[in-house]
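Asker: The primary structure of each chain is shown beneath.
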Amino acid sequence: MGIIRALDVVYEYLKRDDDGNVTGSIRAVDGVSLDVAPGDFIAILGHNGSGKSTLAKHMNAILTPTEGCVWVDGKDTRSEEEVWDIRRSAGMVFQNPDNQIIGQVVEEDVGFGPENMGVPTKEIWERVEESLKAVGIYELRKASPNKLSGGQKQRVSIAGVLAMHPKCIVLDEPTAMLDPNGRKEVIRAVRALNDVEGITIILITHYMEEIVHADKVFVMDHGEIAMQGTPREIFSQVEKLKELRLDVPQVTLLAYELQQRGVALPDGILTIEELVEEIGRLKECQS
Amino acid sequence: MSILVDHVTYLYETGTPLEHKALDEVCLEIKDGQFVGIIGHTGSGKSTLMQHLNGLLKAHSGHIYLDGEDIDAPGYPKKKLRSQVGLVFQYPEHQLFEVDVFTDVCFGPKNLGLPKEEVEERVRKALLQVGIPEEYWKQSPFEISGGQKRRVAIAGVLAMQPGVLILDEPTAGLDPKGRREILDQIKKLQTQTGMTVLLVSHSMEDVAEYVDRIVVMNRGKILLDGAPKEVFCHVEELEGVGLAAPQMTYVMRALRKRGFDVDEDAITVEEAAAGILRALS
Amino acid sequence: MLRDITIGQYYQTDSVIHRLDPRVKLAGTLLFIVSLFFFQNIGGYLAAALFLALVIRLSKVPFRYIVRGMRAILFVLLITVTFNLFLTPGRTLVELFGGHVRITYEGLKMAFFIALRLAFLIVGSSIMTLTTTPNHLTDGLERALRPLKVFKAPVHEVAMMMSIALRFIPLLLEETDKIMKAQMARGADFESGNLIQRAKAMVPILVPLFICAFRRAADLAMAMEARCYRGGEGRTKMKPLVYGRADYLAYFLLAVYTVGSIFIGRL
Chain A
1 MGIIRALDVV YEYLKRDDDG NVTGSIRAVD GVSLDVAPGD FIAILGHNGS
51 GKSTLAKHMN AILTPTEGCV WVDGKDTRSE EEVWDIRRSA GMVFQNPDNQ
101 IIGQVVEEDV GFGPENMGVP TKEIWERVEE SLKAVGIYEL RKASPNKLSG
151 GQKQRVSIAG VLAMHPKCIV LDEPTAMLDP NGRKEVIRAV RALNDVEGIT
201 IILITHYMEE IVHADKVFVM DHGEIAMQGT PREIFSQVEK LKELRLDVPQ
251 VTLLAYELQQ RGVALPDGIL TIEELVEEIG RLKECQS
Chain B
1 MSILVDHVTY LYETGTPLEH KALDEVCLEI KDGQFVGIIG HTGSGKSTLM
51 QHLNGLLKAH SGHIYLDGED IDAPGYPKKK LRSQVGLVFQ YPEHQLFEVD
101 VFTDVCFGPK NLGLPKEEVE ERVRKALLQV GIPEEYWKQS PFEISGGQKR
151 RVAIAGVLAM QPGVLILDEP TAGLDPKGRR EILDQIKKLQ TQTGMTVLLV
201 SHSMEDVAEY VDRIVVMNRG KILLDGAPKE VFCHVEELEG VGLAAPQMTY
251 VMRALRKRGF DVDEDAITVE EAAAGILRAL S
Chain C
1 MLRDITIGQY YQTDSVIHRL DPRVKLAGTL LFIVSLFFFQ NIGGYLAAAL
51 FLALVIRLSK VPFRYIVRGM RAILFVLLIT VTFNLFLTPG RTLVELFGGH
101 VRITYEGLKM AFFIALRLAF LIVGSSIMTL TTTPNHLTDG LERALRPLKV
151 FKAPVHEVAM MMSIALRFIP LLLEETDKIM KAQMARGADF ESGNLIQRAK
201 AMVPILVPLF ICAFRRAADL AMAMEARCYR GGEGRTKMKP LVYGRADYLA
251 YFLLAVYTVG SIFIGRL
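Line by line, the protein sequences are chains A, B and C.
So for the first sequence, the working numbering puts the first residue at 1; every next one is plus one.
So for the second sequence, the working numbering puts the first residue at 1; every next one is plus one.
So for the third sequence, the working numbering puts the first residue at 1; every next one is plus one.
Because the hints were derived from the structure by calculation, they are not lab data.
Incorrect hints may have been included.
No farther apart than 30 Å at their CA atoms in a straight line, the calculated lysine-lysine pairs in the DSS-like style are these [claimed, not checked]:
{"hint": "1", "chain 1": "A", "residue 1": "Lys242", "chain 2": "B", "residue 2": "Lys149"}
{"hint": "2", "chain 1": "C", "residue 1": "Lys200", "chain 2": "B", "residue 2": "Lys149"}
{"hint": "3", "chain 1": "C", "residue 1": "Lys237", "chain 2": "B", "residue 2": "Lys21"}
{"hint": "4", "chain 1": "A", "residue 1": "Lys142", "chain 2": "C", "residue 2": "Lys178"}
{"hint": "5", "chain 1": "C", "residue 1": "Lys237", "chain 2": "A", "residue 2": "Lys75"}
Derived list of chain B stretches under chain A, where covered just means 3 residues or more per stretch with a C-beta under 8 Å from a C-beta of chain A [unchecked claim]:
{"hint": "6", "region": "165-178"}
{"hint": "7", "region": "201-207"}
{"hint": "8", "region": "246-257"}
{"hint": "9", "region": "270-278"}
Predicted model, so just to flag it, every value in this text is computed and none were measured.
Beta carbons are placed, not taken as given, at the ideal position from N, Cα and C, and that holds for glycine.
Extracted from the complex, chain A is given alone in its bound form (with noise of 0.2 Å):
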């Protein structure tokens, strides 16, 4: 069984007027089911307003769900004695960092999670260093978060959670507000900690750069799964993604118009090199 699996999910808040009275229901999320595999990289992708965020916070128990079940780690999320063991197994990291950031100094900060589990003070100590070491900025421990850049605050947030021990890790559009070297510096972090720490990865963004790397990707729209499948296979769908109002790679779209003018092109390229390649071996036939 996976670490994280959702079936038949469902969440739905009521819709109120200004007086308090019931107007209606919204189904935020609308029967999602999948089954996140343990070391996987997922990506969950969806324009603004697509319920993946809520979504996500089922998988850190901050939200149940109104029909259906998610387990995280083989534990049912609606289960209120279990809900700190789910936490502590499946980490969360916010968009904006600066509403995530309790501590005053970066080292106290990370040191929150563990302070609240009640980790012997030497041992949080160890999970401190380590957890600010991994993520690359074990040389700021020191200093205000205040006067972090953007990314540097994310990577923050990304040691506080992994100084829980986590299995597996749900960032919840974590570089939604950076520039783009925070963004690049985030998923830096995020890729080693998925590569060289073995920690599930559940990432969910807009930017299709981001999950070039992604073992899985989802796309929701309205609440459901569109689309599911590799970052190829779902890049080799643009049209679809155009849909659902997403963008493809740049790289991929240059790909996508030369085959409809004629050029014998693979489906689904992802990088630049991958299409160089293609394109001079077209080249070498030719001649």
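Once you have looked at the hints, place chains B and C on chain A.
Answerer: Using the frame of chain A, we list chains B and C on its own:
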């Protein structure tokens, strides 16, 4: 309206050990009706420079001329300056406050002391210009989508009918389609009105296809300035300051390296595709 | 500019004072303030000045930085001095405006001592906040107030609230600055008009500020829960408060100062 920035220097945290130059002898001339992208990463001084243009910040040395007049000269009407150089900040959440969209957009023109009829006329025009249809006008500005909030914020400044419109990161936090829609709308607005538009961004790819000219800033100085194609020729310099050229530039360079006879200055997918087809035939 | 306010803002460096236990610093600040109210002559103030100078020196916080923070309360200081200068009865020194306003010998003396006392009070307490991270400070308070838990006082919760408030003050100040600029760019005017007009002009700042603050609070609560926060029960400390030799020495020096300065101050 034309803008001339003449040797402007601005210091942050003056009198402390942290004192540094946010702007360092910046000179920049922007002609009437130009659509300019101002690019740089966080802390490059781009936002600081923009806040000088409508008098929110005052240069420690140097001058800024709007249509030839020094905006810091005694007697220059500050209030008029703010309405002439419209500045839209990054987060619409920082400016929306009224009960409904329409009333919120009224705030700017009302501050100019215009009669009620004219205020409402301008607001209607501005909302339509940014693509907010009438059915949204009575809605709360807090209950509309992120992309619409952004449009309402732009309308709030547009309703003052400025000669220069400055947009600070208008696409931050939007999804890809939302980004495209906003930029298309701005481009349309710029062509229709002939307004001078400055688009501040840290994303090359976003602005490359839209603007006539790109100004790259780094550490309070202007690093590169020219048409997009000219600027993107300097890939090494851009990378040296942590920026990148559009992906297409890299594709064309890689192809050239492999012996293809393609132009290196393609920016859009269209141009790249056309270039590759030519090289293959 | 709002950002220039330095009262209470932690100054990051490494010094003996920075490393002291926050409980020592809390007690020290309290004793120092109390001592100020016992002085009856200049001697006590000299002793206090010497003590303060020594602590500032040891703290490695630049004196200029401390003085800059004082600017914000200069106004309060001036008002107090003026009141005391003109309203204290006693032997007349100078008569102004045909005898309507008198400066007395006692008034001058009082104003001088009040100014000193206030300035010392503020510098003294800002030394504490300048050298102690807010988290450390709330830790100290939490420990010092722990006996109150017997009366079911929510000591941990209050301490946590304080530390969060302190963490978010700079962020909210920055946000206020941005909101003001955004509204000024729409022609808002915060500087002219009468009191009512000015109060009304605050609405376009306060509404976005409150909405942003509530948003932050909701986000933060969610992030804390996601990191297993569930109140003070069963929590361990990354930096538990343990007295070291320097702390005992500091307590001893404090006692010497308190007794000594009060003795000199009342000779």
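Asker: Establish whether the coverage given for the region 270-278 of chain B by chain A is satisfied; the threshold is a Cβ-Cβ distance below 8 Å, and no fewer than three residues must meet it.
Answerer: holds (count 5)
Asker: Below or equal to 30 Å on CA atoms is what counts here, so check A/Lys242 against B/Lys149.
Answerer: Roughly 23 Å separates the two Cα atoms, so the pair holds.
Asker: Would the pair C/Lys200 and B/Lys149 pass a check requiring their Cα atoms to be no farther apart than 30 Å?
Answerer: holds (24 Å)
Asker: Are the Cα atoms of C/Lys237 and A/Lys75 separated by 30 Å or less?
Answerer: holds (28 Å)
Asker: Does the region 201-207 of chain B contain three or more residues whose Cβ lies closer than 8 Å to a Cβ of chain A?
Answerer: That given contact holds, which follows from 3 residues of the region 201-207 of chain B lying within Cβ reach (below 8 Å) of chain A.
Asker: Are there three or more residues in the region 165-178 of chain B whose C-beta lies within less than 8 Å of some C-beta in chain A?
Answerer: Since three or more residues must qualify, the claim that chain A covers the region 165-178 of chain B holds, with 7 doing so at under 8 Å.
Asker: Apply the coverage criterion to the region 246-257 of chain B and chain A: a residue qualifies when its Cβ sits closer than 8 Å to a Cβ of the chain, and three qualifying residues are needed.
Answerer: Satisfied; 7 residues make the cut.
Asker: Starting from C/Lys237, check that the Cα of B/Lys21 is at most 30 Å away, please.
Answerer: violated (41 Å)
Asker: Does C/Lys178 lie within 30 Å of A/Lys142 when you go C-alpha to C-alpha?
Answerer: holds (28 Å)
Of the numbered hints given earlier, the model fails hint 3 alone.
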